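Chemist: One letter stands for each residue in the lines below.
2 protein chains.
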Amino acid sequence: MIISPILDRKSNKPLYIQLYEYIKTEITTGLLKPHSKLPSIREASSTLNLSKTTIESAYSQLVAEGYIDNVPKKGFFICDLSEYNFDNIEPSPKHTVQHYKEIQYLNEGVDRDSFDISIWRRLYNKAITDPETNIYNSCSPQGEEFLREEISNFVNTMRGGKTVPRQVVVGAGVQYLLGILIGIIKNKYDTVAVEKPGFNKAKFVFEDYNFKIRHIAVNDSGFPVSELRKSDAKVVYISPSHQYPLGTIMPVNKRMELLDWAYKNKGLIIEDDYDGMIRYGGMPIPSLQGLDKNDCVVYLGSFSKTLLPSLRISYMIIPKKLLPIYVEIKNRYTQSTSKIDQMVLAHFMNEGHMVKHLRRIKRIYKKKNSSLTECLKNTFKDKIEINSSDSGLHIVCSAKTNKDNQQIKEDAKKFRILLNMIHRNDSKLMFSLNYSGINLERIQDFTNLLGKVLYE
Amino acid sequence: MIISPILDRKSNKPLYIQLYEYIKTEITTGLLKPHSKLPSIREASSTLNLSKTTIESAYSQLVAEGYIDNVPKKGFFICDLSEYNFDNIEPSPKHTVQHYKEIQYLNEGVDRDSFDISIWRRLYNKAITDPETNIYNSCSPQGEEFLREEISNFVNTMRGGKTVPRQVVVGAGVQYLLGILIGIIKNKYDTVAVEKPGFNKAKFVFEDYNFKIRHIAVNDSGFPVSELRKSDAKVVYISPSHQYPLGTIMPVNKRMELLDWAYKNKGLIIEDDYDGMIRYGGMPIPSLQGLDKNDCVVYLGSFSKTLLPSLRISYMIIPKKLLPIYVEIKNRYTQSTSKIDQMVLAHFMNEGHMVKHLRRIKRIYKKKNSSLTECLKNTFKDKIEINSSDSGLHIVCSAKTNKDNQQIKEDAKKFRILLNMIHRNDSKLMFSLNYSGINLERIQDFTNLLGKVLYE
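As you go down the protein sequences, you meet chains A and B in turn.
With the first letter of the first sequence counted as 1, position 118 gets the number 114 in this note's numbering; the numbers rise by one all the way through.
With the first letter of the second sequence counted as 1, position 101 gets the number 97 in this note's numbering; the numbers rise by one all the way through.
It should be emphasised that the hints constitute simulated quantities derived from the structure, not laboratory data.
Owing to the predicted nature of the structure, the values given are computational and were not obtained by experimental measurement.
Where hints are given, some of them may not hold.
Intra- or inter-copy, both count: the list cannot distinguish identical chains.
[Unchecked claim] Calculated lysine-lysine pairs in the PhoX-like style (CA-CA distance at most 20 Å, straight line): (1) K326 - K409; (2) K230 - K410; (3) K250 - K29; (4) K197 - K326; (5) K208 - K9; (6) K122 - K326; (7) K250 - K20; (8) K48 - K289; (9) K262 - K448; (10) K226 - K262; (11) K326 - K199; (12) K358 - K9; (13) K326 - K182; (14) K230 - K358; (15) K448 - K410; (16) K424 - K377; (17) K226 - K250; (18) K69 - K33; (19) K326 - K226; (20) K6 - K405; (21) K182 - K197; (22) K182 - K208; (23) K405 - K326; (24) K9 - K352; (25) K230 - K317.
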């Protein structure tokens, strides 16, 4: 049999690849018949005027991929692929890369001036070359010990926690950490109670793992533990320091009641402390984890709101009693946060920058909070009612409006305002509004845009 | 009632916090009786010789946390917490942070000289300040468009793929991406077939989501599609380009058979291409995704082996037919990879560094592969048999040894050798051995250590 490829000797595509591709196409299009014999390497080399190595490389690639057989002492034969249909399997052409911008909300994200890039950059440049980081090896499944020690100290001193580093698990977001938690508890629990309204992204994770969901309505006095008692859930996901999104604080008697419920029912409390660090009225409200004497609380923390949302670093603090199970299964899960980022953050905390940073953003957000609240009152008078919130990065408003929800949603998007509807009764619309991203100088403009969204 | 706190005016702890803590302890220890009235702000201010603001701050913190009530026109009263037990709820003392080193295997991770830190660092310093990165806002759930375009091109040109950017989902590790995939397919499938031996960390994810697992034994001629046909699984997780850990390549007829199976059974093939990029014998084996005409293949890729394991950047390519479901649920899942890292990688690829890097590591690992293979042959002669592998970062060996498995495991750890046992029959032990991390100059020493592990 003779093969007559058209080869481009000027192309930067190696000749052996051109030959390989030619023969491959001849086979898949059926032009080279099954079982027929290819010219020997010597023959092909002379007839095609190519080096033996070129022919050899092309043939061996075809053998490796199973298009031809190498029968010792006999030669190379076409495999029988006649039963398969190879139409249009050419790879797609290279498409041009064009940069792309996502819609950026005016009020989303963290304050532009709050974060000291230069410090982070210095620590990054240090960490990536630091032999201790060892970027060439994979990450510890639980998280780098140095960072876990810093986080443990942080939670103990800043959030009144009671933790040790071996309870800390680092991961790229609360959702991934919940997946690991479910791996720990799924043999014991299958039903979870969640706040309504609450943090849906947590609920979604439980749904994906086929947990039964029990919604417990949060009323003006906060989360009703009595309702939890009535439900069959033995796990509850809750945000006691600053209920999301309503912003209520769980008072100490309710906290003790909740802990008592967990203790008596062999239950588990998952405390989501997404922004408990940030409170203007006074000190942050101490965490539930620190009040817990019976090892019933899983604490979830994140640096998305307190540091940067674009860095994905969160952590989970596991009760000591669950550690034996975790240690048993921890190697089932790979670490999801970059080891370099972990070390940068550890140094950032170790050098005291985190505490300074928190002081700074508390100042900034307090200004934004009061200025926005004032602006809304002056602009909308009694048409809007603000559930005063002295912590976190969002406020909750009830607005009198007859404008249709869908229309409001669309206009909010149009004016780049991130507005989370909570619910609507009669002519009142309740929604939460981030303000962390708003430029302090632009708060009046922002308020005017909000007016367009709600009323025009 | 009179309160007499001992306050340290020299302490750097604010006086209002000292006062707040004092009263709180008096309440939780029962020394201040329920319903009793606290001195008014004016009284306390004069008797304790503290500013009114100090008293006010302490009181309002106690009100916020629910330890005391503020009854308008009457004053501040102790709440009744007598039914709760507050023993030992003081936060734990700050423990000293000491740096910590994990056991580092001699042969784990990637080559020390393969990665050009300076380029990465330059791009990082650029990306973190680039307004386009916008570190202050959260990441796109699917991954930054710029990176998805680069990855799509990369897979098309380097792996013979047929993809467009909207099929690409970026995430911190194959496990997290599998979680999202399961979110997409769980209403349609509940059983998955996996290779045995295979990549357990993928199997674990399916187990956590309560999928039924069907193990299909990989034999010398690779993955038996016939067995898959017999099973009730409609989803299969497979590594066709370089079976993990055995290293076999799936020939084209088997690939077509597998694709045919998926098409006829409305099945789904999950192609794990963890190191298919790296092949010494010739070009990489084109991916299954590129051969697929019927939109049945999910492609999983990662930069852990090809770039750095300490960066957690992986990606999943979804068949077009699953995109509508994905688009519907994508906002349920937060992005798990740092936006900064995503932009750095996108620029790294866009400037052509990735292709250069792959050429470099191919050279390096080819050397290590042949040098280790030779070393093992010369040192252990016929006591060890190496299943020649011309790709990837590990080799598979069968060694004649009577030494007990457990002992071998312990000694491997002792000598910092990462050795994955595959199975043992009669006196033969089969295991896979990473070589990417071994220093080229130390391969003989490494081989000697391996001798100790296997035979001494």
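Chemist: Hint by hint, note whether the structure agrees.
Modeler: Tested hints:
1. K326 - K409: So K326 and K409 pass the 20 Å test across copies only (18 Å; inside, 42 Å).
2. K230 - K410: Result: close neither inside a copy nor across copies, 43 Å intra and 43 Å inter.
3. K250 - K29: between (80 Å within a copy, 19 Å between copies)
4. K197 - K326: between (23 Å within a copy, 11 Å between copies)
5. K208 - K9: neither (57 Å within a copy, 46 Å between copies)
6. K122 - K326: Cα proximity of K122 and K326: none, with 29 Å in one copy and 36 Å across.
7. K250 - K20: Between copies only: 16 Å across, 72 Å inside.
8. K48 - K289: neither (78 Å within a copy, 35 Å between copies)
9. K262 - K448: So K262 and K448 fail the 20 Å test inside a copy (51 Å) and across (50 Å) alike.
10. K226 - K262: Answer is within: at 15 Å inside a copy they meet the 20 Å cutoff, but 44 Å across does not.
11. K326 - K199: between (23 Å within a copy, 15 Å between copies)
12. K358 - K9: Classified as between: cross-chain Cα gap 18 Å, same-chain 59 Å, threshold 20 Å.
13. K326 - K182: within (14 Å within a copy, 25 Å between copies)
14. K230 - K358: neither (36 Å within a copy, 53 Å between copies)
15. K448 - K410: This pair counts as within: shortest intra-copy Cα distance 10 Å, inter-copy 69 Å.
16. K424 - K377: within (15 Å within a copy, 83 Å between copies)
17. K226 - K250: within (16 Å within a copy, 57 Å between copies)
18. K69 - K33: Classified as within; 13 Å inside a copy, 104 Å across copies.
19. K326 - K226: This pair counts as neither: shortest intra-copy Cα distance 34 Å, inter-copy 34 Å.
20. K6 - K405: Classified as neither: same-chain Cα gap 58 Å, cross-chain 54 Å, threshold 20 Å.
21. K182 - K197: Answer is both; intra-copy 19 Å and inter-copy 18 Å each pass.
22. K182 - K208: both (12 Å within a copy, 16 Å between copies)
23. K405 - K326: between (42 Å within a copy, 19 Å between copies)
24. K9 - K352: Close across copies (16 Å), not inside one copy (57 Å); limit 20 Å.
25. K230 - K317: Answer is within: at 16 Å inside a copy they meet the 20 Å cutoff, but 39 Å across does not.
Violated hints, in rising order: 2, 5, 6, 8, 9, 14, 19 and 20; the structure is consistent with all others.
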